[in-house]
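*Asks:* Which chain is which? The protein sequence lines are P and G, in order.
Going by the numbering used here, the first residue of the first sequence is number 1, and it counts up by one from there.
Going by the numbering used here, the first residue of the second sequence is number 1, and it counts up by one from there.
Everything labelled a hint here was simulated from the structure, so no lab data went into it.
Hints are supplied without guarantee of correctness; some may be wrong.
Identical chains blur together in the list; that is why a pair holds if it fits in one copy or across any two.
Straight-line Cα separation of at most 20 Å, EDC-like style, residue types lysine to aspartate or glutamate; simulated pairs [what the hints assert, rightly or not]:
hint : residue 1 : residue 2
1    : Lys25     : Asp194
2    : Lys25     : Glu289
3    : Lys358    : Asp386
4    : Lys364    : Glu354
Values in this document were obtained by computation on a predicted structure and should not be read as measured data.
Here is what each chain is made of, one letter per residue.
2 protein chains.
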Amino acid sequence: MSSPLRLGIAGLGTVGIGVVKIVQKHAGLLAQRSGRPVAITAVSARDRRKNRDADLSAYRWEDDPMALALAEDVDVFVELIGGDAGIAKDSIEAALRSGKDVVTANKALLAMHGQELAELAEGLGRVIRFEAAVAGGIPVIKAMTESLAGNRINRVMGVMNGTCNYILTRMESAGLPYEEVFEEARQLGYLEADPTLDVGGIDASHKLAILSSIAFGTRPAFDAVEIEGIERVSIDDIRRAADMGYRIKLLGVAQMTARGLEQRMSPCLVPADSPLGQLAGGTNMVVVEGDSVGQIVLRGAGAGEGPTASAVMSDVIELARGVRLPVFGVPATSLSDSQPARTAVPAAYYLRMELLDKPGALAKITTVLGDAGISIDRMRQYGHKDGSNVPVLFVTDRTTPEAIDHAIETLPKTGVLASDPVELRIEEV
Amino acid sequence: MSSPLRLGIAGLGTVGIGVVKIVQKHAGLLAQRSGRPVAITAVSARDRRKNRDADLSAYRWEDDPMALALAEDVDVFVELIGGDAGIAKDSIEAALRSGKDVVTANKALLAMHGQELAELAEGLGRVIRFEAAVAGGIPVIKAMTESLAGNRINRVMGVMNGTCNYILTRMESAGLPYEEVFEEARQLGYLEADPTLDVGGIDASHKLAILSSIAFGTRPAFDAVEIEGIERVSIDDIRRAADMGYRIKLLGVAQMTARGLEQRMSPCLVPADSPLGQLAGGTNMVVVEGDSVGQIVLRGAGAGEGPTASAVMSDVIELARGVRLPVFGVPATSLSDSQPARTAVPAAYYLRMELLDKPGALAKITTVLGDAGISIDRMRQYGHKDGSNVPVLFVTDRTTPEAIDHAIETLPKTGVLASDPVELRIEEV
Numbered sequence: 001m002s003s004p005l006r007l008g009i010a011g012l013g014t015v016g017i018g019v020v021k022i023v024q025k026h027a028g029l030l031a032q033r034s035g036r037p038v039a040i041t042a043v044s045a046r047d048r049r050k051n052r053d054a055d056l057s058a059y060r061w062e063d064d065p066m067a068l069a070l071a072e073d074v075d076v077f078v079e080l081i082g083g084d085a086g087i088a089k090d091s092i093e094a095a096l097r098s099g100k101d102v103v104t105a106n107k108a109l110l111a112m113h114g115q116e117l118a119e120l121a122e123g124l125g126r127v128i129r130f131e132a133a134v135a136g137g138i139p140v141i142k143a144m145t146e147s148l149a150g151n152r153i154n155r156v157m158g159v160m161n162g163t164c165n166y167i168l169t170r171m172e173s174a175g176l177p178y179e180e181v182f183e184e185a186r187q188l189g190y191l192e193a194d195p196t197l198d199v200g201g202i203d204a205s206h207k208l209a210i211l212s213s214i215a216f217g218t219r220p221a222f223d224a225v226e227i228e229g230i231e232r233v234s235i236d237d238i239r240r241a242a243d244m245g246y247r248i249k250l251l252g253v254a255q256m257t258a259r260g261l262e263q264r265m266s267p268c269l270v271p272a273d274s275p276l277g278q279l280a281g282g283t284n285m286v287v288v289e290g291d292s293v294g295q296i297v298l299r300g301a302g303a304g305e306g307p308t309a310s311a312v313m314s315d316v317i318e319l320a321r322g323v324r325l326p327v328f329g330v331p332a333t334s335l336s337d338s339q340p341a342r343t344a345v346p347a348a349y350y351l352r353m354e355l356l357d358k359p360g361a362l363a364k365i366t367t368v369l370g371d372a373g374i375s376i377d378r379m380r381q382y383g384h385k386d387g388s389n390v391p392v393l394f395v396t397d398r399t400t401p402e403a404i405d406h407a408i409e410t411l412p413k414t415g416v417l418a419s420d421p422v423e424l425r426i427e428e429v
Numbered sequence: 001m002s003s004p005l006r007l008g009i010a011g012l013g014t015v016g017i018g019v020v021k022i023v024q025k026h027a028g029l030l031a032q033r034s035g036r037p038v039a040i041t042a043v044s045a046r047d048r049r050k051n052r053d054a055d056l057s058a059y060r061w062e063d064d065p066m067a068l069a070l071a072e073d074v075d076v077f078v079e080l081i082g083g084d085a086g087i088a089k090d091s092i093e094a095a096l097r098s099g100k101d102v103v104t105a106n107k108a109l110l111a112m113h114g115q116e117l118a119e120l121a122e123g124l125g126r127v128i129r130f131e132a133a134v135a136g137g138i139p140v141i142k143a144m145t146e147s148l149a150g151n152r153i154n155r156v157m158g159v160m161n162g163t164c165n166y167i168l169t170r171m172e173s174a175g176l177p178y179e180e181v182f183e184e185a186r187q188l189g190y191l192e193a194d195p196t197l198d199v200g201g202i203d204a205s206h207k208l209a210i211l212s213s214i215a216f217g218t219r220p221a222f223d224a225v226e227i228e229g230i231e232r233v234s235i236d237d238i239r240r241a242a243d244m245g246y247r248i249k250l251l252g253v254a255q256m257t258a259r260g261l262e263q264r265m266s267p268c269l270v271p272a273d274s275p276l277g278q279l280a281g282g283t284n285m286v287v288v289e290g291d292s293v294g295q296i297v298l299r300g301a302g303a304g305e306g307p308t309a310s311a312v313m314s315d316v317i318e319l320a321r322g323v324r325l326p327v328f329g330v331p332a333t334s335l336s337d338s339q340p341a342r343t344a345v346p347a348a349y350y351l352r353m354e355l356l357d358k359p360g361a362l363a364k365i366t367t368v369l370g371d372a373g374i375s376i377d378r379m380r381q382y383g384h385k386d387g388s389n390v391p392v393l394f395v396t397d398r399t400t401p402e403a404i405d406h407a408i409e410t411l412p413k414t415g416v417l418a419s420d421p422v423e424l425r426i427e428e429v
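Just chain P, with the same shape it has in the complex:
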């Protein structure tokens, strides 16, 4: 058996400790499967005295991750610090330059600086692996880069932020408003220090930008993702959507069209009985559509110590086995510009309005929709007391986002709306 693959682990949060535990628990299994032992040489984190749930006494301690990145007795630099710049980026660059391969779970860094890092790594003959960066334990990076490599990918989509999915699921099951469930999630420790990363859709969009790059052979373009978070999803909309057979999910979708690459992250309706609609709680799901394979659905835990560490270890084992692939599946210099395009792919839309209780109100609304070229698939008017507002729901036929935008702009001019209309895309899944 060959010499051990030596890891230096920078960052000893949940995931870092998870990796340490797997290396300790499964030494024999890892050696058998990798063809060589996997060993930890040194570790690094901010606070040495912090009580951690693993015995680290056998490893050299470095206060500075940069020392780990430069250490001569480390083959693979495992970056689990996080953050889209700063020491995470600096230490990865230093590790690559000093001849190390890199395994990271850092989605923000890859979404923002993936191109630069991939070119650096490949120029130096080094490898960066990042299975843990997207959808935790779900092996979506490997599936897309390797298993579906014989396909032209048509679309990739997914529910990739467990916290948002927990909030939306809990709002529906408990009938609670957003603010209350958000507070619950905060108290349960489900939210990032900056909760906008979760509920604002940023974290999920980082992941989408990485998947887009692999799917379409384009440079990662996080800035081009159209992002809307879940902050404005109301319990009313969740109930009304359920009435019509749908669930609301924070769904990321990337697809290549004749106009360019569309990447969107937004609350969408999906059929309640579809795999995405059935996804409850903190679980993640990624759906990939290829021209030969059709639709592949991958589901699993999107976060947490074990699942994320499992993904890190799959990268480590790959390196131990001597497998060396380009960062995004093809040489980084051959990735094309993504030609970002605003969403233009038609879809059905859900529209909810509160009408004033006036004769002819509904006629005015339907006239605006008709004039915008929008035809109605289903309409539902809810009971109301005389003089109170009239809740009305529409599910449109497939129409363009442009037509919907136009209608949303025009509708208030009818003078029969009690509040701003709500529109949500019904993604075809």
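We have chain P; now place chain G onto it with these hints.
*Replies:* Chain G alone, transformed into the frame defined by chain P:
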């Protein structure tokens, strides 16, 4: 760019033609992703004059697959002939011996002779890849061999025969008896020439034996799978199970226990709202449970030209990229004997009986169950006319298969059964 990887394709049925189409359609994409062109040198099939849906004029034709296996201008022998012995096995062995790697979709061959072939290949420094052998386009072999390699696998299970799942789904949705839907499936061309391979659970068991081997590091042991097909699933049971919130699926389960490796393929009840329960029609699903990753669910088309060819191409691209792993993830000589064990893991069971309309009948039944140590979770007695038989359903608490077997043997001795009792395992999913 390096020299092309040269394929020789033996077998030009649906899958073979699918592979030809991908190589022709995606030449540029394959070269970019593989780092070298992928080319077809020669092909072979039984009948040269047969009309096939692809232009084969650029490839040398060999009437004998053995000539392809020995050809000097072929790097990878793609075996798509099928069959658990004969020319498929002979030509693979010849290809390995003449220095070629092998890609195959042949589940029967791997389940029956995988150990022997893997040892031959690895002894010669050659590789056999078989992503297409299990669950069509679903990348389950790669997921288990590589992505989950940091986990001890606890259980792997799946619905892996689309024809059986189609038949069971259609029985429920159309309310038709087995025989009628079987005949429909035959007319639609969904059944193998020998339909026992499908409905007898053989084909799915081949796949399960392969997954077991990878999951547990054991020699493939198809003969040790306890197999029951779907022939005896009645529309009555499908309806009664639905009443209780379950669906019946032909489910394969492999799990390692203290007593040894349990492998079973049988019609089981699963909750109707679980991912497995929701699986309709010809789709496949594989569920893998690892000690770190938790539960991963993979879903997609389990058969058909595009999906299966996509899986073959993932193996081809892996070889083009120079990735060379042991056949079952670890060296074949290190695979252990599987210590086959009869199913002993406890589960809840579904029991259906027709009782004679006699006073005290139910008491006699429940006494037998109680004496066997089986407690009842739920019981349902259906309405009946005086003097006609009384349909009764039980869902038991978790109990051992041994206790159930004992009860099934003893129940007829009560003299109150109008027919043999039906028992189905309720697999925890």
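*Asks:* Evaluate each hint against the coordinates.
*Replies:* Do the hints match the structure? See the list:
Neither within a single protomer nor between protomers do Lys25 and Asp194 lie at most 20 Å apart by alpha-carbon distance, with minima of 34 Å and 47 Å respectively. In this homomeric assembly, Lys25 and Glu289 come within 20 Å of each other (Cα to Cα) only across copies, at 17 Å, whereas the closest approach inside a single copy is 37 Å. For the homomeric pair Lys358 and Asp386, the shortest alpha-carbon distance inside one copy (10 Å) is at most 20 Å, but the shortest distance between copies (61 Å) is not. Proximity of Lys364 to Glu354 under the C-alpha cut-off of 20 Å is restricted to the intra-copy arrangement: shortest distance 13 Å within a copy versus 63 Å between copies.
Hint violations for this structure: number 1 only, all remaining hints satisfied.
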